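Chains as they are written, first to last, in our numbering: chain A, 1 to 110; chain B, 1 to 114.
Think of the hints as simulated: they come from the structure by calculation, not from any bench. Note that the coordinates shown come from a computational prediction; the quantities given were computed from them, not determined experimentally. Glycine included, every Cβ here is placed at the ideal spot set by N, Cα and C. It cannot be assumed that every hint is accurate.
[Unchecked claim] Below, computed lysine-lysine pairings styled on BS3-like, alpha-carbon distance capped at 27 Å:
1. A/K97 x B/K9
2. A/K97 x B/K96
3. A/K22 x A/K9
[As the list claims (entries may be wrong)] Sample of chain B residues facing chain A (criterion: CB under 8 Å; computed from the structure):
4. G40
5. M41
6. G42
7. L43
8. L45
9. Y48
10. Y64
11. P102
12. L103
13. F105
14. G106
15. N107
16. G108
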Amino acid sequence: AQRVTQPEKLLSVFKGAPVELKCNYSYSGSPELFWYVQYSRQRLQLLLRHISRESIKGFTADLNKGETSFHLKKPFAQEEDSAMYYCALSGLGGTYKYIFGTGTRLKVLA
Amino acid sequence: NAGVTQTPKFQVLKTGQSMTLQCAQDMNHEYMSWYRQDPGMGLRLIHYSVGAGITDQGEVPNGYNVSRSTTEDFPLRLLSAAPSQTSVYFCASTSKGAGNSPLHFGNGTRLTVT
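Bound-form chain B, shown alone:
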């Protein structure tokens, strides 16, 4: 039972480079989301999706793109990395149903932009 899988675990980028953080879940969850975790600022929502083909912005979407072509995958793209994007990124998913189910988190990706 893999749950939510994020790759890579660590990444170092130079300013201006692009990359994609991968997130996959095998629980058939409709809802998927990306957060960044920064000291003193907690978890901030970047983008989220309530189903395949549907995405929306969270609190801090600038500099990031997402797409949801399948239920399982929700990649996060950094088009031109900046030092301000140095952070730990978490993907999370949950199912839609009666009430709001708790989030299931991946292990995180630690990104450093130099």
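In isolation and in its complexed conformation, chain A is listed as follows:
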């Protein structure tokens, strides 16, 4: 079954500490993986996608097909990074369906 798993509901770190939000997926074909972020009282927005291989707001994510993972990392967390983060998968049979994980709430403590 196609699935996206985010094992942590809540992740609390101190400002300046490294952050890693975990995402594992199950998909038989070649998926496209995304990270979306929802800041307080704002709409969901794209943070980054694996095919871009870019760093956004200091965040990076590498697709590991062997481990079927797409973990989101940042070396030094900032208070403004506090938000809800969703990992998502698309490319399901060419239907453009997007499947989301359950989300991880990141709290960066001062």
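Keeping the supplied structure of chain A fixed, place chain B upon it in accordance with the hints.
This is chain B only, laid out in the frame that chain A set:
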């Protein structure tokens, strides 16, 4: 540049009432979808459409109907609201092209069914 517009922002219904959540996009996106967001369950796909006249079910379609008569609009209908449909609803759209473009989301509709 409006993007994806959802109305209303808030709604309270009584059990058994019906209503339609509106979603419109001005980006000429072929793909539109509805999600519900519940604590601990993330975003779950309700229905989606890959073009005008074409709709399909997602993970949790029961209790909801959709139609896609135009490219711009994708309304979500609750025929007989139930407390289990209390949730935040998001509409999202994207374009079809080389690769899968990211989704553009609306601001959401917070629905409470009493």
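Original post:
Is the shortest C-beta separation between B/L43 and chain A less than 8 Å?
Top reply: holds (4 Å)
Subject >> B/G40 as chain A interface residue, shortest Cβ-Cβ below 8 Å >> reply: Because about 6 Å separates B/G40 from the closest Cβ in chain A, which is inside the 8 Å limit, the hint holds.
Subject >> chain A contact restraint for B/P102 - C-beta distance below 8 Å >> reply: With a minimum Cβ separation of about 4 Å from chain A (threshold 8 Å), the hint on B/P102 holds.
**OP:** Grab the minimum C-beta distance from B/F105 to chain A and call the hint holds if it beats 8 Å, violated otherwise.
**Re:** holds (4 Å)
Subject >> Cut-off 8 Å, beta-carbon criterion: hint that B/Y64 touches chain A >> reply: Where the cut-off is 8 Å and the nearest Cβ of chain A is about 16 Å from B/Y64, the hint is violated.
**OP:** May I ask you to test the interface hint for B/G108 with respect to chain A, counting a Cβ-Cβ separation under 8 Å as satisfied?
**Re:** It holds, given that the least Cβ distance between B/G108 and chain A is near 7 Å, below 8 Å.
**OP:** Double-check B/Y48 for me: the hint is only fine if its C-beta lies closer than 8 Å to a C-beta in chain A.
**Re:** With a closest approach of 6 Å, the B/Y48 hint holds.
Subject >> Restraint status (C-alpha distance of A/K22 to A/K9 at most 27 Å) >> reply: With Cα atoms ~10 Å apart, A/K22 and A/K9 stay inside 27 Å; holds.
**OP:** For the hint on B/L103, just tell me whether its beta-carbon gets within less than 8 Å of chain A.
**Re:** Where the cut-off is 8 Å and the nearest Cβ of chain A is about 6 Å from B/L103, the hint holds.
Original post:
At a threshold of 8 Å, is the proposed contact between B/N107 and chain A supported by beta-carbon distances?
Top reply: holds (5 Å)
Subject >> Restraint outcome when B/L45 is required to lie within 8 Å of chain A by C-beta distance >> reply: holds (7 Å)
**OP:** Against chain A, run the beta carbon of B/G106 and see if the smallest gap drops under 8 Å.
**Re:** Holds: closest Cβ of chain A sits about 7 Å from B/G106, inside 8 Å.
Comparing the model with each earlier hint shows a violation of hint 10 alone; every other hint is respected.
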